[in-house]
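Chemist: Work out the full structure: start from the sequences and follow the hints.
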Amino acid sequence: MGMAADTADNGVVLAADGRPLKDSLNRALRKNRMRAVMLVAPLLLFVLFSFLIPIFNMTLRSVDNWHVGTLMPATTAALATWDGKDIPEESVFAALVVDLQAGAKSRQIGKVGTRLNYEKSGMRSMITSSARKSKKLTSGPYKAKVLKMHKKWKDLETWTVIKRNTAPYTVGYYLNALDMKYDKTGEIVMQPENRRIYGKLFWRTFAISLAITMICVVLAYPISFLLATLPLRYSNLLMIFVLLPFWTSLLVRTTAWIAMLQSQGVLNDLFVFFGFVDDQNRLQLIHNLTGTIIAMTHILLPFMVLPLYSVMKTIPPTYMRAALSLGANPFVAFVRVYMPQTLSGIGAGSVLVFILSIGYYITPALVGGTDGTLISNQIAYHMQSSLNWGLAGALGALLLASVLALYFLYNKIVGIDNMKLG
Amino acid sequence: MSEATDTLVKFESVQKSYDGETLVVKDFNLDVARGEFVTMLGPSGSGKTTCLMMLAGFEPATHGEIYLDGIPINNVPPHKRGIGMVFQNYALFPHMTVAENLAFPLQVRGMGKSETAEKVTGALDMVRLGGFGDRRPAQLSGGQQQRVAVARALVFRPQLVLMDEPLGALDKNLREEMQYEIKHIHEELQVTMVYVTHDQSEALTMSNRIAVFDDGIVQQLAPPDELYEKPMNAFVAGFIGENNRLYGEVKAIEGDFCHVELEGGGGMVKALSVNVNGVGSRTTLSLRPERVTIGAAQGQSTNSLEAKVEELIYLGDHIRSRVSLSGNNEFIVKVPNSHGHVHLKEGEVTQIGWEAEDCRALDA
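Heads up: the sequence lines are chains A and B, in that order.
Count along the first sequence from 1, add 8, and you get the number used in the numbering used here.
Count along the second sequence from 1, add 191, and you get the number used in the numbering used here.
No lab work stands behind these hints: they were computed from the structure.
By construction, the Cβ of each residue, glycine as well, lies at the ideal position given by its N, Cα and C atoms.
Some hints here could point you the wrong way.
Interface residues of chain A toward chain B, partial, derived using beta-carbon atoms under 8 Å [unchecked claim]: (1) Tyr327; (2) Val340; (3) Gln349.
A few chain A residues that don't get close to chain B, going by computed Cβ distances all over 12 Å [what the hints assert, rightly or not]: (4) Pro62; (5) Ile63; (6) Thr67; (7) Phe281; (8) His306; (9) Ser333; (10) Val345; (11) Leu407.
Modeler: In C-alpha cells:
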C-alpha cells in the first residue's frame, strides 16, 4: 500500500510532490520534445521554402486569373450586369475605351491580350490593335467607333470570353490541360479530335512508365536475388556495379546511350557486322519511344534493385530449404514460398520507379524525339518557351494529383507500412 | 539380409569439404535403425549440422555414399527424398496460416482437399494446437511455433525426420517440456529421427543412441548411459557431464587395470585401462565428481589421496567442493547433503578416495 502512487480525491494520480503525475511527466518530456523540434527545424524550413511554397505557388497560378479584373477594372465593373444575350450597351464600350487607353499608356494591355488569347486565338491582336487605335478616341458615343476598330468586337463570343475572365479565378487552364474548352455559348466541351494533346500525352506517360516499371521488375528480380544470396565479398562488388550509375552524371549516361543507340552507333554497327540487319536498314533506336524506354529503364533500374534486395536479404534460405524438404520442387517452392515474401519489395520498387518515371524530364527530352516525350516535357515547354505558366501549373498539379492518388491506392491495397526501401 | 531392411539410414565413409583444403567431416560412418532416435551431439563447427544437411540433400557429400532404405541418395534432389525436417528457427512460412503451412506438403503431393483438411486437423491435435489453424505463425509463441514446425515435418508421414537444433531458441523450461513432447511423439509414431544439438542434456533425455562429434570425427557412438559412464576418450568424458581430470604416466598394465604415476606429485593410482598407448605413455584419468568420496579413512577405497579444500558452494541437495589434489586445484567433489555427511571447512586438508573401476585411463 505504501508503495502505490498517491491518489487525489478526484481520482487523479499524484506524483511524490503532490502535483498531478501527468503534469510531471509532461514537464519531464518537454525537453526531449524541444530537442526533437530543434533537430528537424533546419530541414523543415528548407523543405518549406524550396518545395512546399513553390508547389503551392505553381498550383495557385493554375487557377489565378487576375489579368482582366486588374487591368480592365472599368470594363469588369460594367460587364457585371451584362446579361450575355447580345452585344453590350454603350456604357460597357465607354468603360472598355477607358481601360484600353489606360492599358496602352501603361503598356500592360498586352498581358490581357495574351491571357485572352489562351481562351480564344486572335484575341491578342484584337486587344493590342484596339488599344493602339483607342488613343485617338476622344469623345463618345464609343460603341460604333469601337465596333469599327476590329470586326471581332461584333462577335458575341468575344464578350462572353471577356466576361468569363473577369472572375479572379478560372478553371480554364485545367480545361486546357484536359483537352477541354468552352464553346461559343460558354458550355464545357471536348476539344476537336485533332487538337487533343494532353490527354494522349498523359496516357502515353502512364503507359511508358508502366512498361518501364515492368521491365525493371523483370530485370531487377534475378540480380537482386543473386545479390541477396551471394557471399558478402562478391555481393559487395556486384552492389558497386549496381550503384555505379548513381555516381555518374545523368546527362553523361543519357548521352552515352545516344552514342550506343544512334543509327551509326555501337549497337547498330554490331547488328550490321553480325548480319542481323542490312546496312541500308539500320534500326532507329534513339529519338523515339524505344530510346526513351531503354535509357530510362537503365537509369531507374537501381531504384528497383535496392528495395528488392533489402527485402530479399531478410528472407533466410531456410524457407526455400523447408519448402524443398516438404516435397515441393524448386519451381513450386520459389513461386509459393519465396516470391510471396518479396511482394512488399516489388511493390515498393514499382511505386518508386513508376512515380519517378511519370515525372521524368531530362532523358525523354534528349532521346525521346517526338513519340518518346512525356508530359513533363510539355510542362517544361510551357514554363520555358510558351511562358503559359498557368497551363504548366495545371499540368503539374494534375501530375501531382495522379501521384497522390497512386500513393493512396497503394496504401489501401498493400499498406505503406509494408514498404521497404533499404 | 534382415539387418539391411532394419537399417534406414547408412552413412558410408562420408567426407565433406567446402573449400577443397580442409575436411569439415572427415570419415563419417553411421547406421540408423528403423524407428531409432539418434542424436548428433557436438560443439559448434564439429560437422554435425553438415552431416544432417548432407542427409537432407542440401549439401552434396564430397566423398562417400549415403543410403536411405538401402538406396544411394547422393543424386536424389531434396524434394524427392521424402524426409521431414525441423529447422533451427522453425522456417514456418510467414505469409501462410498455420493450417496452410501444414497443408503445404500435402498439396504439393497432390492430395485431395478433404483428405488434406483431415490430416491437417489430425496433426494440429497431435501437437495440442487444435483451433490454431487460422493464425499466422507470427501470432504464436515460440513454443507453439516449434510445435507447428514439428507437426509440419510429420504431417506427410515421412519415414525419417531430421531436426536441426530445434529447441535452441526456446527458454529453459519450455525446452525441457518440448524435449518430452518430441520424445513422446517419437514413441507414438515409431518414426525414425535424427537430431542435431550441442546441448548434452537434450541428447541424454531423448536419444536411443548419441554420436558425439568433434573435429569432423565421431568420437563415440553409444546409448546415453554408456556414453556417460563409459566414455572412450578424453573429449567425450569432458563433453558429457561433469568430469575431473588428472594427468599421469602409465607405469604398469595388469589385465584391465593400469598403474599411473600422477603429474604434480600425487603418487601412484590404480585405474581402469580404457584407452592407453602402453607403458610409458601419457594418460588422462577421468573421474566423475559423484564417484569420489571425501573424508574417507585410508584403505577404505582402492585409491586414497590427500586433498586441500579450496572452496565450498552450497547447492541445497549437495555441497560442491573444489579441492586441490596433485597440483590440480579444479578438482570437484560432490558431497551429498545427506544425514550425517562430512562437514568440511575451507582450507582444511582431508583424505579423498575412489575405486579403480570409476577412474578411467584415457588418451592424453
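Chemist: Decide, holds or violated, for the assertion that all CB atoms of chain B are farther than 12 Å from the CB of A/Ile63.
Modeler: holds, 38 Å
Chemist: Would A/Thr67 pass as off the interface with chain B, using Cβ distances and a cut of 12 Å?
Modeler: Holds, because the least Cβ-Cβ distance between A/Thr67 and chain B comes to about 41 Å, which exceeds 12 Å.
Chemist: Does A/Ser333 clear chain B by more than 12 Å, comparing its Cβ with all Cβ atoms of that chain?
Modeler: Answer for A/Ser333: violated, closest chain B Cβ roughly 4 Å.
Chemist: For A/Phe281, is the shortest beta carbon distance to chain B beyond 12 Å?
Modeler: Since the minimum Cβ distance to chain B is about 42 Å, A/Phe281 lies beyond 12 Å and the statement holds.
Chemist: Do the numbers back the hint for A/Val340, that is, is its least Cβ distance to chain B under 8 Å?
Modeler: Hint on A/Val340: holds, closest Cβ of chain B at ~6 Å, below 8 Å.
Chemist: Holds or violated: A/Gln349 as interface residue toward chain B, Cβ cutoff 8 Å?
Modeler: holds, 6 Å
Chemist: Should the label of A/His306 as a non-interface residue stand, given a Cβ cut-off of 12 Å to chain B?
Modeler: Given that every Cβ of chain B is farther than 12 Å from that of A/His306, nearest at about 32 Å, it holds.
Chemist: Take a quick look at A/Leu407 and tell me if its Cβ sits farther than 12 Å from every Cβ on chain B, holds or violated.
Modeler: It holds; A/Leu407 is separated from chain B by about 35 Å at its closest Cβ, greater than 12 Å.
Chemist: For A/Val345, is the shortest CB-to-CB distance to chain B above 12 Å, so the non-interface label stands?
Modeler: Violated: least Cβ distance 6 Å, not greater than 12 Å.
Chemist: Hint check: is the beta carbon of A/Tyr327 less than 8 Å from a beta carbon of chain B?
Modeler: holds, 6 Å
Chemist: Classify the label on A/Pro62 as holds or violated, using whether its beta-carbon is more than 12 Å from each beta-carbon of chain B.
Modeler: Holds, because the least Cβ-Cβ distance between A/Pro62 and chain B comes to about 42 Å, which exceeds 12 Å.
The structure is inconsistent with the numbered hints 9, 10, although it conforms to all the rest.
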